[in-house]
Amino acid sequence: MSAVAVPAGHRITPGGVLRSEWTKLWSLRSTWWTLGSVVVLTVGLGLLIGATYRDHDGAPGDAVLVALFGLQFGQLMVAVLGVLASAGEWSTGMARASFAAVPRRLPVLWAKAAVLAGVLFGVGLVTVWVTFPAAQRLLSGTEMHAALGDPGVVRGLFGAAVMLALSAVLGLGLGALLRSTPAAIGTFVGVVMILPQLARLVSYDWVETAMKYTPLNATDAIMSATGTSHGPTPLGALLTLLAWAGAALAGAAVRLVRGDV
Amino acid sequence: MTIEARGLTKRYGGKTAVDDLTFTVRPGTVTGFLGPNGAGKSTTMRLILGLDAPTSGTVTVAGRPYAAHRAPLTEVGALLEARSVHPGRSAYGHLLALAHTHGIGRSRVAEVIEAVGLTEVAHRRAGGFSLGMGQRLGIAAALLGDPATVILDEPVNGLDPEGVLWIRTLLKRLAAEGRTVFVSSHLMGEMALTAEHLIIVGRGRLLADTTVEEFVRSAGRDEVTLRSPQAGRLRELLAGPGVEISGGGPGELTVTGTGAPDIGLTAATHGVPLFELTPRRVSLEDAFMELTRESVEYHAQGVAA
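Chains as they are written, first to last, in the UniProt record's numbering: chain X, 1 to 261; chain E, 1 to 305.
One or more hints might be untrue.
[To be verified] Derived contacts from chain E toward chain X, CB cut-off under 7 Å, selection only:
#: 1; residue: Thr-22
#: 2; residue: Pro-72
#: 3; residue: Thr-74
#: 4; residue: Ala-78
#: 5; residue: Ser-84
#: 6; residue: Arg-89
#: 7; residue: Leu-284
[As the list claims (entries may be wrong)] Which stretches of chain E does chain X cover? Using the computed rule of at least three CB atoms under 8 Å from a CB of chain X, they are:
#: 8; stretch: 40-51
#: 9; stretch: 191-205
Simulated from the structure, these hints should not be mistaken for lab results. No experiment lies behind these values; they were computed from the predicted model shown. Cβ atoms here follow ideal geometry from the backbone N, Cα and C, with glycine treated the same way.
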């Protein structure tokens, strides 16, 4: 069939699927808005808290957690970005085009997760590396003052960037699992933000132990320079966040392989 | 490349959307996939593309399931009926993202945008596109991999007359280039203009697998209805090669294969009285409606006057 010029050498490659997902992410305005907001909010709140912080007796605090207070909101925003990146495929119909182009499906999910995690780790690293020193200049003289060389600080800053990356992947996994933006955001808010608060009302030991391993408490623990009472160790926190993101992604993968698109 | 469906069946819950379909779509011609709404055309196309898995049966493109190809976009390009574009992304961004998966370059993206006439709006968000522009973007995506097989689901839906003409020309050109062109429609007239081969479905079942020419020949025959007190005698007189006679009510006959003038003359010659002699032209649409009547999902209820 000489009339049909099938382009030679074109085929699906992992690198190609990664580039595709990279293009998809950056060709949406919502990505720029979300990431811009995360940076501005984190830096802005860091400066605001640095400028207004006053020591008061007995209140425990952590030099990194205080400076990066804005990431509490940033975490939700990047999770929403993750949800939009996956559930948005179904809500817009784009999934049909995406999975017709890559009918084995799973490479799309892995590439999405890799691109999102990489971008959020990079953006997170830059953000915390700007925010922390800026906030700390304002915090000098208070109990919350810390330098980069102090124990646990660099680890906490890297932890913050890892936390952002894994929160985005958790959102991505939930979005691909539930295929609905509102359902996935609702689940994230419910499990990550509200459940640990509710669980405080229950005073069984095992509940308290289990609550250590919720994403919210693991988030505090991975960012903290000095450790938290309500969360696991830094390594435990990393494993906890990996497990949550991994579980959501695995659930999404099973549904993707087993079901119709 | 040939599309082959063998016993293809898809059930969603208790509802059978595609029911034991077996057909072959061959290269070099436009094959029309015809059926009323809800006949299972879109589902069949989703099954071909591997978006849905069949409940039973198989469908292959060029001898393999679609998902088994290393470069599926160069095998099959598809325009699905439901919009498959993120409204926040530009036409260019959409096509570039799809192109990257296969290592297809930017120049090819620009080429297909040019080919469908979207160059001027390529960097505008697709959400603002009209129905026609959206169809053109979908066709650009289908052509991206220069595929050997092109599948289009209701491509003329929502297009203006110029767009319809453009699609017709495009389909014929693609087939002339040796590609397999499989295009669905619920409009018989549209298919008669573009397709050479027809696969007709209703309620998920295969109703006919034929050429347009054959369908026209068998369906387009004029029918004459007559009433006579001596219908039995007339039946004997009219019988001949190529003439088909069926009885209606008492004293009523329906005749195909001979015209009203001949029937009238025969009756006069033999002194058979005629009470009624009504020629009826059977259009393609009528023939299609007749074929699919049993399988239309929702009939408009006749309202008694």
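Given Thr-74 (chain E) was flagged as interface, is its beta-carbon under 7 Å from a beta-carbon of chain X?
Holds. Min distance 5 Å.
Does the stretch 191-205 of chain E contain three or more residues whose Cβ lies closer than 8 Å to a Cβ of chain X?
Contact hint for the stretch 191-205 of chain E vs chain X: violated, 0 residues under 8 Å.
Mind checking the CB of Arg-89 (chain E) against every CB in chain X and telling me if the closest is under 7 Å?
holds (5 Å)
Double-check Ser-84 (chain E) for me: the hint is only fine if its C-beta lies closer than 7 Å to a C-beta in chain X.
holds (4 Å)
Measuring from the C-beta of Pro-72 (chain E) to each C-beta in chain X, is the shortest one below 7 Å?
holds (6 Å)
Tell me whether the statement that chain X covers the stretch 40-51 of chain E is true, taking a Cβ distance below 8 Å and needing three residues at minimum.
holds (count 4)
Holds or violated: is there a CB of chain X closer than 7 Å to the CB of Ala-78 (chain E)?
holds (6 Å)
Next item in the hint list is Leu-284 (chain E). Is there a CB on chain X closer than 7 Å to its CB?
violated (31 Å)
Take the shortest C-beta to C-beta distance between Thr-22 (chain E) and chain X; is it under 7 Å?
Hint violated; Thr-22 (chain E) Cβ to chain X Cβ min 22 Å, cut 7 Å.
When each numbered hint is compared with the structure, violations occur for hints 1, 7, 9.
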